[in-house]
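FYI, this note's numbering numbers position 276 of the sequence shown as 1508, with every residue one higher than the one before it.
Be aware that a few hints might be false.
Computed list of lysine to aspartate or glutamate pairs in EDC-like fashion (alpha-carbon distance at most 20 Å, straight line) [stated by the list, open to error]: (1) K1646 / E1258; (2) K1480 / E1602; (3) K1480 / D1434; (4) K1650 / E1637; (5) K1558 / E1604; (6) K1577 / E1637; (7) K1577 / D1614; (8) K1577 / E1604; (9) K1558 / E1637; (10) K1558 / E1608; (11) K1558 / E1579; (12) K1577 / E1593; (13) K1557 / D1533; (14) K1650 / D1622; (15) K1404 / E1502; (16) K1542 / D1485; (17) K1577 / D1485; (18) K1577 / E1514.
Quick caveat, the hints were computed from the structure, so don't treat them as lab data.
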Amino acid sequence: MTTETRSFDAAAPKWRRITRHPALMEYRRLAALVAIVNLSVFILGLQTGRWGSFGAFHLPAIADMALINLSLGILIRQQRVVNALFWLATRLPTSAPLWMRWGAGKVFHFGGLHSGGTVAGTLWFGFLLFGIVTNRLSGAALPSDVTLGLSAAMVTLLVLMIASAIGPVRAKFHNAFEKIHRFAGWTVLGLFWAQTVSITRDMGQDLATTPAFWMLCLITLSIVSPWLTLKKVDVEIEKPSNHAVLAKFNYGDTPFAGSSNAISLTPFGEYHAFANIPSPHEPGYRLAISRAGDWTGRFIDTPPSKVWVKGITTSGVARIEVLFKKVVYIGTGSGIGPILPHLLKGEVPNKLVWSTRSPRETYGDALVDEIEGSTENPVIWDTVTQGKPDLSTLALQAVRESGAEAVIVISNQKLTRKVVHDMEALGIPAYGAIWDS
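Sequences and hints are given; from them, build the entire structure.
Next up, the structure:
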């Protein structure tokens, strides 16, 4: 433990360091809430006989719970739903109590509902499969073998998707995770449709009159909609160094500050979301892309002339800045990308602390001059000449000197979680990406 960490531990109340620990962040609280609600419903159903009994399970009731949870998990990540959540959360005026605005700013933790809903939905599907098997073993003629086979295939693929999404697995095999989520997800959707048709046929029902049919229509539209806007666009690459490039777009879309777009080199390849950098007085936008892996390395080494853009402009973490009268931005490296549009827009007074390696050599004089001209007295820390800073100390100092109400951190996972934890343990609202996808 470093001296700085010990000093923050000593300054912050112990109860707050515990309650604001990353292990208890809002993302996990939402996932836990979904689990608690489902467990309560399951127990209540056992007590009331809603699920039936061994060998005579009431399969439609179980299937409804699987559908409800899976629908929650899918729809909460739909881009238009995400934008609506951010719009709603940022309606609070800055005159509202700080604790209310602090909580509203955590809107980007909605991914907890995604993971909670999909895991719970998978468990309900597992229960449904168990019910189908035991009903068949008890001599029931229905559901049919087709329904049994479709249900087994769905559960297998859903378990594979969840396993690939576990944090350490996803980080180590990210490309495989993305392919599994996309192609296994599409397959599950097809199987879901086939299973629903099969079940309604088994039960002698009219498909169009079942709630499952209309919910599946909504889910399908949600999944398909980003691909309906898929387009191949021109990109102009400015390469100030071998570590980073600025990608410039002007195809009729000028996104809002605090948003991102997903791009790929091939229509069905890896898609990576980068924060948009629109200029208040120019059409189009830029993306700051730094070397952080195989994909970004290829992008920098062999800059493309065209890329694929999927979906719509989607709200990101820093959009919550409008909830506060003044904010401190903490950025490292290409983390300046998500911050710069807010500096250029100047809607909320701010203080910038940017730590990076040789800023002018890496990102070019023009970008650094633009940053310095867009915010008052920014702290630009060159890690080559000044060494690695203690960002928590710099953040606290910036808050005290500027009178800011909140801190927004754009950095790697380890530093983001440390700064957010240190600030919130001291009672300062702090926000940063949570790496939930």
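Q: Could you tell me which of the hints above the structure violates, numbers in ascending order?
A: Failing hints, ascending: 3, 7, 12, 13.
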